Amino acid sequence: MAKKGLFVKAKELKTDVALVKNLELSIGKLVDDSWDEPMGPTPMPHISTLRDWDMKLLNKYKPFYMPDCDLCCLCTYGKCDLTAGKRGACGLNIADQSSRIVLIACSIGAATHTGHARHVVDHLIEEYGRNHSLNVGGLNVDVEAPVTRLVTGIKPETLGDLDEVLTYCETQVTHLLSAAHTGQEACNLDFESKALHAGRVDQVGMEVADLAQISVFDFPKADPEAPLIEMGLGTIDKAKPVICCIGHNVVPSVGIIDYMKANKLDSKLEVVGLCCTAIDNSRYFDRAKIVGPISWELRVIRSGLVDVLVLDEQCVRTDCSNEAERINAPVIAASEKNCIGYKNRTNDPVDEIVNDLVTRKVPGVLILDPEKVGEVAVRVAQKVAPMRKKMDVLPSVEEITKLAKTCRHCNLCQRSCPQDLNIPAAMTAAAEGNLKPLTELYEECIGCGRCEEACPVKLQIHSFILKAGQKFMLEETNFCRAGRGAVQDIEIRSAGGPIVLGEIPGILAAVGCANYPHGGKDVYDICREFAKRRFIVMTSGCSAMSAGSYRNEEGQTLYEEFPGSFEAGGVLNVGSCVSNPHIAGAAIKVANIFAKRNLRGNYEEIADYIHNRVGAVGLAWGAYSQKAASIASGFWSLGVPVLVGPHGSKYRRMLMGRSDKPENWEVYDARTGDVVNVGPAPEHLFQTVETPQEAMVSIAKLCIRPNDTWKGRSIKLSHYIDLHKRNYGRMPKDIHLFVRTMADVPTTMKDEIKDILDAKGWKETVIPDPTMLPRMIRKKKE
Amino acid sequence: MAKKGLFVKAKELKTDVALVKNLELSIGKLVDDSWDEPMGPTPMPHISTLRDWDMKLLNKYKPFYMPDCDLCCLCTYGKCDLTAGKRGACGLNIADQSSRIVLIACSIGAATHTGHARHVVDHLIEEYGRNHSLNVGGLNVDVEAPVTRLVTGIKPETLGDLDEVLTYCETQVTHLLSAAHTGQEACNLDFESKALHAGRVDQVGMEVADLAQISVFDFPKADPEAPLIEMGLGTIDKAKPVICCIGHNVVPSVGIIDYMKANKLDSKLEVVGLCCTAIDNSRYFDRAKIVGPISWELRVIRSGLVDVLVLDEQCVRTDCSNEAERINAPVIAASEKNCIGYKNRTNDPVDEIVNDLVTRKVPGVLILDPEKVGEVAVRVAQKVAPMRKKMDVLPSVEEITKLAKTCRHCNLCQRSCPQDLNIPAAMTAAAEGNLKPLTELYEECIGCGRCEEACPVKLQIHSFILKAGQKFMLEETNFCRAGRGAVQDIEIRSAGGPIVLGEIPGILAAVGCANYPHGGKDVYDICREFAKRRFIVMTSGCSAMSAGSYRNEEGQTLYEEFPGSFEAGGVLNVGSCVSNPHIAGAAIKVANIFAKRNLRGNYEEIADYIHNRVGAVGLAWGAYSQKAASIASGFWSLGVPVLVGPHGSKYRRMLMGRSDKPENWEVYDARTGDVVNVGPAPEHLFQTVETPQEAMVSIAKLCIRPNDTWKGRSIKLSHYIDLHKRNYGRMPKDIHLFVRTMADVPTTMKDEIKDILDAKGWKETVIPDPTMLPRMIRKKKE
Amino acid sequence: MMSCEPWQCAEIAATKKANPITKPEVAVAMIKRAARPILVVGSNATERSLEGKLLIDYIIDLAKASNVQVVATAHMVAEFLKRGYEPADFMSAMDIGNRLVDPTWQGIDGKGHPDLAMFVGLPYYMESLILSGLKHFAPDLRTMTLDNLFHPHASWSFPNATPKVWAENLTVMTSKFKGGN
Amino acid sequence: MMSCEPWQCAEIAATKKANPITKPEVAVAMIKRAARPILVVGSNATERSLEGKLLIDYIIDLAKASNVQVVATAHMVAEFLKRGYEPADFMSAMDIGNRLVDPTWQGIDGKGHPDLAMFVGLPYYMESLILSGLKHFAPDLRTMTLDNLFHPHASWSFPNATPKVWAENLTVMTSKFKGGN
Ligand code: SF4
Ligand code: SF4
Ligand code: SF4
Ligand code: SF4
Ligand code: SF4
Ligand code: SF4
Ligand code: SF4
Ligand code: SF4
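Chains as they are written, first to last, in this note's numbering: chain C, 1 to 782; chain R, 1 to 782; chain P, 1 to 181; chain U, 1 to 181.
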């Protein structure tokens, strides 16, 4: 572990054992024998250190901007109209502004994860000390922090080490955000490079958070057989008091669960959750239940099942507190980031707080001590549950029919609905007593509530939909596998070869949020398709839930149907949002463990390796958040392509290759220094797909890599061609770009493809040892 | 100096003098004897630590929101229409969103200053070591870092200490930005509290930056007689090669000046600057020249006087590089924050870079080594100056007349002009050969260039205006006093009493940017008015330049007319943007040095003191930036009111008291615990004023404080009444709210005011020992 | 159509946009229908000259004819007084905006919250922002602008027009109160 | 007026807004005037039924009549082929958008950059974003939408309308190419 120079000085130094006066200690470098990997060229990269690498990627995958607004309103020189190239009062044009928005989004995302990690680490250091050692997988995981090692050059061993890593992240986040100030960066590509850096920092921040919580809370440690967790509203025992936790930060939930266990109440109450807190709860306590993703927050509250609502941070609807008031459920705000205007009761006696909440003297409180949150939540839940009797606010069917008659058919609901759902038609039917069209909306509705806000006659449209879909809603009982955390080194050792050679046709990482265009089933269908094709399928966050929310013909959920290990045909839920670096980490570990590339502070080489050899693709089918943006950015920076569903177009900037421009696809052959055209592999770095069908075809294609052996390539091509034919009704038109030698062609298709190749004037080429880094060339051409 | 627990562990430790193996050193707390001030209650405050104080302010000065847009577009659930209370897809309403925008702006501002400080401190530590000690005013300044001490509880003594302070700031910035993520904070007041925290962090970040640069670069150290610096385009010796530096970060300029000095070229070239870099250059080198504020960037470049343009960070028009190309001036980008897409040449030989720039092989380069920037800039300037011959791109008068005839009178220029300037009318006149209307626009134009962008026939409107105003422009020769830095402790000792008692009627801090509604003269007029009235006038940044840009009847600039010391009638330029904490620091030092209040980690008490006793007002007449927002926020948090000019309304949120609501104005009398109504003093915390006349009246009024003695109050009232009568043509209508006893009434107005008081049913009240903090009450009421 | 675009190009509004006042009679009717109208007059009152007469003088005529309460912002009170007209009140533009969004505020005379707030002569962007504040936070208040610049955030606004048309509109309005209809 | 508001309420544009296509003949004239028009057809082609017939079938009729080059996005190529119509090309919506902003791109047939890009049947917000990309980065390209939803970012757009009117418009357009005028 090498740190920057450290200087400690103190006139008086008190420790547990001694009092030291006038200590002065100057440390140039700390060297830790136990990690003898030599330091790579870019430890602790600054915001411009990896700019050359970024520019390589950005030149290959150029930004395509689709501004969401013609204006910039970021300073008081504005608002400025930037339409079609006009410059604003600070000289900025719309390309710069578009990329600045990307940087801001990624900075917010990176700040959120880093801040989350900071909270967890500080809290755990306070409880367990800086020396508490890390353990993410015992003997099975030697490379415990691949991203952190790669980016910072630090090998963290204790909670205290994580503190240092976070300090690095915070410095970077500050610089990055700073670049978004008016009159700073003047070039869109430099904004993009900074956004990529935000992605790198974000990955480190997330990794730190998960390392800390896995280690201290004893989450499943790289466990392929992490328990199956009950999921869905139907799994809640309505006879018990129900505490519902929403957000991402498991610390307050740990307080709740610990209190329940200590008081032998763990079978007396239900602890359920939404968003990543749900996932992490279940990693801590396998009887915690998962309700669903972010899009189900209103659903759960309005159903009335919640007796106490505990809100922490991130992805918490800001009207949860208002909604909870409607069902008489007290609220506990448990995060400094989300104080909801409540009085801070952290230092008040528990009895007082409980009393105030139970008597409804106050609708909610802010408590920043997780232990106190635990006691208050449990005691309040026990008291209010019998009084509330799971009171809901859903209208009766009769009410719906009656109220639907007042609909003015103004279309404002539909015009406000992100899904463009045909609510007015459903109202017409409902007014006639036919709730079926409303029921059909249930599956596609993402629960945003905008329709209700728009309705001039104040119809509770979302509640109507919930009522109409109530049967499905309340009967839902599925399984999600508890987040397993990291991939084991040994799994990498056995799967690494087949991945790099192409024999495992790819890794699909289905991650991110629930802003799906037509409900969550698409995620399930896509994951299942690729698991059946013996890709490795990794999931996290809301997508991990959606993937587990449907069943096959045998009644098995995805997590029951497929094994949880990192192998062909495995379906691995790594965990919550902050577990995403286990996915990046797996790719990194392939380079490190399988291919023996040095990891430490060696970002470019490893990214170049992954980009050219590891056929991984991210799919964020419902990504909505700034965090999802920074997560994606971390993958881009490693050269891993990311697909988003249609709503992802609203990120307003794609990174796209041009398959029709051969000059885009040249790499060096590291063996010879020759420039070799390897075709559009992968074709895009960030791309919106419109339909699940398109997603499947794109995923198969994007797994192709220059390094594929002929055997691997032929396997990949057969999946691509098969999915293409099935979904597009014909052969791919770009097949000639992916065939290097005839050996690449799947045997059963030899003739068909030969004809195509001939028609296209195809010529055989070599399979290089691909790299985009001139310095990786082993033998320079004379 | 107390730090959080520190743990150092190393298997092998190499220092200059020794090799230590297996060191393990755990430090609970470092106590530094030399600072025996006890620690206050809130060192290193978290984002919610000072929330109670914030809520006190926010309850007294409620946010008034004026959304700049009806939509939120921050995530892909959106865009959401939040008009008139509609909630977005995440549950957010327009009040939340408006306050979130404030938080984002303040976070960007705080990040920018903190990032700037980080760059300076890291650079200086690299050059001078962590042990390099700080010196901001020698024996004259004992309280060297009032803001840092107040907020963090740290007393920084070396560059290394500043590193630690910055780490705190970066953690806070990260948390703050994180709160802006979708689905975090759910209450507008909590967003506001976080924005105030951003202001506190920002003040610390700025203070660190200025402390570091003052100490190491030997800037004027709390010097009332800092040199007068030549200012204006007219001061540039056009026979010499001209290097122009734009931005805020003096480090590259130091490289330039050092190289010039080392090579005895300091009288052979001109180093001129815009924005804060200009100010800081002049603190380093008194022959550096100041050209002007941000609004003059296009002006200077298009005038052709610049031979080499060096761009660092912040407030650099993003089209400077394009503009420089037009006049054949090479550009050096010198900051990681602003790479402009240029190739990074940091590691290339100087000769090569110089050659590439001189031959115009490349229009610009990125150089991140300030010494190299210095050598390249100077050598390039020497070579290109004779070739360029100060080539400008201003049209001739004939061309203007001819081109003006092509004007279509479409009004798009005026409709795009932030100043709503009547350009079409000026074009009509110009077409007839009359340039006078264009000349008149020169003074009001803020040089944003939007008119040109909008013009369908591509008239170079701003250049027309510059040509028409060229005579003024090129003849401008004024003086700005080099930034003096801090206020001396002894100055505080002598002025503190008169300020707190009200005998010095107030401190006017004219700070911030040049987005003025009608040119810079307003700033001069206002500053002069209050200096003549024997207020203390402090300036910084672009406002400091504008204040020095006009002359009195005797031909003196403001800095010549008034002394530079912290005394009644003094006009002090503290320095650049990052010098603003010297202003806050002066107020803090009044509480600490004069009133002997403990400073260390004692934020609430000091802010309460300042708010109720120190009659300081900030005026940011042309504030435009996110940094200006965070700077203002730092003052709000201390309870110091800030006024902005009309464009400041575009900050979209005011913090306003209601003089018509008596319940708003109650404080405790610390002596008795009684609640006393002290009137609207100060009336607002953040307020837009529309005209300079209104500004003057408001400034006088906002200096009134509950603690004023009757003598002080009568002096303040006489200024307020006098300015009110002069500008508003009548007596103030709220005079009765400011008279506690008849002794408060200025003697010459006794009768007139007595009548008013009688008419208003005025009753005498007491002069309390005012506080808003119950814990400050010395004797509780039984 | 251009005439009902926002005057400053970037001042677009979203879903709730001003109704254009097609002729001065409409504005007069709105004022007559209002129980408690006020007219906020900003600092451009002495900066804008229409047909050789200052805006403030048109406003004084209109105010006298209509008996609408005038609130002068900035230093305009002095300009009104100079011309022998005593405005009902004066305060900063932000202060009047901030009071108007408070539903408990009882107006400058304490007799009840205004139901129509008219604006004229503030810097365009400031007026626009205050109107936006009112649109969002005082949704029940009707707002109207009497400038010659279209204000999308108002409830009612005159379209963009030349000073000449503006002068005519103001003159017609005044005449309608002076016994016209 | 409502009919020329953006269909999704928040999709407002700023200074450069679509001209409404008041009748199908206008669209036909635009296409006829274009040297190299293309028509991008999105995944709603099989989701929208107008008067009992799928959008894709109207499009096929129109495409056959007008000989406009069709670019199918997503998996629409399969749907076209199923119906016996071979689109000129197929690619993802983003790919066609990204090519259209490249002035050096020579069209799907390599014979020159399109001068008119028509869109129909993409999810509203995606179509809107792509049109915005083209408005900003391909300012010389004319864009037109054939949906029944107003798209302010296009150069020309049909107003919001019922499926019935939409069907009529498409039918009329097709007929005008089949020898009508
Ligand atoms: S940041 Fe630039 S483009 Fe944006 S509002 Fe400010 S001046 Fe205009
Ligand atoms: S709650 Fe459902 S139906 Fe309503 S707007 Fe949102 S997605 Fe559409
Ligand atoms: S917004 Fe309300 S009234 Fe209008 S169509 Fe929808 S449900 Fe009916
Ligand atoms: S996956 Fe996305 S929506 Fe779901 S909890 Fe994580 S960030 Fe939130
Ligand atoms: S942050 Fe909330 S209000 Fe803003 S776009 Fe996203 S969902 Fe809509
Ligand atoms: S450059 Fe001057 S005249 Fe042109 S828009 Fe800006 S302020 Fe107005
Ligand atoms: S924008 Fe150009 S053409 Fe239009 S009025 Fe102004 S100067 Fe004339
Ligand atoms: S005062 Fe404002 S405009 Fe001037 S240099 Fe500082 S931040 Fe920039």
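Everything labelled a hint here was simulated from the structure, so no lab data went into it. Small disclaimer: the values here were computed from a predicted structure and weren't measured. Even for Gly, the Cβ is constructed at its ideal location relative to N, Cα and C. Take these hints with a grain of salt, some might be off.
Said to hold, decoys possible - One side only, chain R facing chain C, incomplete, derived with CB under 10 angstroms:
no.	residue
1	Lys56
2	Leu177
3	Gly247
4	Glu443
5	Glu444
6	Val457
7	Asp734
Claimed, not checked - Here are the simulated DSS-like pairs of lysine-lysine, each with C-alpha atoms no more than 30 angstroms apart in a straight line:
no.	chain 1	residue 1	chain 2	residue 2
8	C	Lys521	U	Lys53
9	C	Lys343	R	Lys62
10	R	Lys343	C	Lys779
11	R	Lys458	C	Lys361
12	C	Lys733	C	Lys711
13	U	Lys16	U	Lys82
14	P	Lys82	R	Lys733
15	P	Lys111	P	Lys178
16	R	Lys361	C	Lys62
17	R	Lys725	P	Lys178
18	R	Lys779	R	Lys760
19	R	Lys733	C	Lys661
20	U	Lys178	U	Lys53
21	R	Lys343	C	Lys343
22	U	Lys178	C	Lys521
23	C	Lys760	U	Lys178
24	P	Lys111	R	Lys725
25	R	Lys458	P	Lys164
26	P	Lys16	U	Lys23
27	U	Lys82	C	Lys725
28	C	Lys754	U	Lys111
29	U	Lys53	U	Lys16
30	C	Lys240	C	Lys268
31	P	Lys178	R	Lys521
32	R	Lys402	P	Lys178
Hints and how they fare:
1. Here the hint on Lys56(R) is broken, as its CB sits about 13 angstroms from the closest CB of chain C, past 10 angstroms.
2. Interface hint status for Leu177(R): upheld, as the beta-carbon distance to the closest one in chain C is roughly 4 angstroms, under 10 angstroms.
3. This hint holds: Gly247(R) has a C-beta 8 angstroms from the nearest C-beta of chain C, less than the 10 angstroms allowed.
4. Restraint check, Glu443(R) versus chain C: the minimum CB separation of about 18 angstroms is more than 10 angstroms; hint violated.
5. Evaluation of the Glu444(R) hint against chain C yields a violated restraint, the C-beta minimum of about 15 angstroms exceeding 10 angstroms.
6. With a least beta-carbon distance of about 15 angstroms to chain C, the hint placing Val457(R) at the interface is violated under the 10 angstroms criterion.
7. Because the beta carbon of Asp734(R) sits about 29 angstroms from the nearest beta carbon in chain C, more than 10 angstroms, this interface hint is broken.
8. For the hint pairing Lys521(C) with Lys53(U), the CA-to-CA distance comes to about 27 angstroms; that is within 30 angstroms, so the pair holds.
9. The suggested pairing of Lys343(C) with Lys62(R) holds, with an alpha-carbon distance near 18 angstroms, which does not exceed 30 angstroms.
10. Only pairs whose Cα atoms come within 30 angstroms are accepted, and Lys343(R) paired with Lys779(C) is accepted, the gap being roughly 27 angstroms.
11. For the proposed pair Lys458(R) and Lys361(C), the alpha carbon gap of about 66 angstroms is over 30 angstroms, so the pair is violated.
12. A hinted pair counts as satisfied when its Cα atoms are at most 30 angstroms apart, and Lys733(C) with Lys711(C) qualifies at roughly 21 angstroms.
13. Restraint check for Lys16(U) and Lys82(U): the C-alpha separation of about 39 angstroms exceeds 30 angstroms, so the hint is violated.
14. Distance check on the hinted pair: Lys82(P) and Lys733(R) sit about 17 angstroms apart at the alpha-carbon level, within 30 angstroms; holds.
15. For the given pair, Lys111(P) sits about 25 angstroms from Lys178(P) by alpha-carbon distance, which is consistent with the 30 angstroms threshold.
16. Our distance criterion of 30 angstroms between C-alpha atoms is met by Lys361(R) and Lys62(C), whose separation comes to about 25 angstroms.
17. Restraint check for Lys725(R) and Lys178(P): the C-alpha separation of about 34 angstroms exceeds 30 angstroms, so the hint is violated.
18. At most 30 angstroms may separate the alpha-carbon atoms for a hinted pair to count; Lys779(R) and Lys760(R) exceed this at roughly 33 angstroms.
19. For a cut-off of 30 angstroms, the pair hint linking Lys733(R) to Lys661(C) is broken: about 74 angstroms separates their Cα positions.
20. Among the hinted pairs, Lys178(U) with Lys53(U) is consistent with the structure: their alpha-carbon atoms are about 20 angstroms apart, no more than 30 angstroms.
21. A hinted pair counts as satisfied when its Cα atoms are at most 30 angstroms apart, and Lys343(R) with Lys343(C) does not qualify at roughly 53 angstroms.
22. A hinted pair counts as satisfied when its Cα atoms are at most 30 angstroms apart, and Lys178(U) with Lys521(C) does not qualify at roughly 43 angstroms.
23. Under the criterion of a C-alpha separation no larger than 30 angstroms, the hint pairing Lys760(C) with Lys178(U) is inconsistent with the structure, at around 35 angstroms.
24. Restraint check for Lys111(P) and Lys725(R): the C-alpha separation of about 28 angstroms stays at or below 30 angstroms, so the hint holds.
25. Between Lys458(R) and Lys164(P) the alpha-carbon distance is near 29 angstroms, which keeps this suggested pair within the 30 angstroms criterion.
26. For the hint linking Lys16(P) to Lys23(U), the alpha-carbon distance of about 27 angstroms falls within 30 angstroms, and the restraint holds.
27. Straight-line distance between C-alpha atoms of Lys82(U) and Lys725(C) comes to about 12 angstroms, which keeps the hinted pair within the 30 angstroms bound.
28. For the hint linking Lys754(C) to Lys111(U), the alpha-carbon distance of about 27 angstroms falls within 30 angstroms, and the restraint holds.
29. With a CA separation close to 34 angstroms, the supplied pair Lys53(U) and Lys16(U) exceeds the 30 angstroms bound.
30. Taken as a hint, the Lys240(C) and Lys268(C) pair is honoured in the structure, with Cα atoms around 6 angstroms apart against an allowance of 30 angstroms.
31. Only pairs whose Cα atoms come within 30 angstroms are accepted, and Lys178(P) paired with Lys521(R) is rejected, the gap being roughly 43 angstroms.
32. Only pairs whose Cα atoms come within 30 angstroms are accepted, and Lys402(R) paired with Lys178(P) is rejected, the gap being roughly 50 angstroms.
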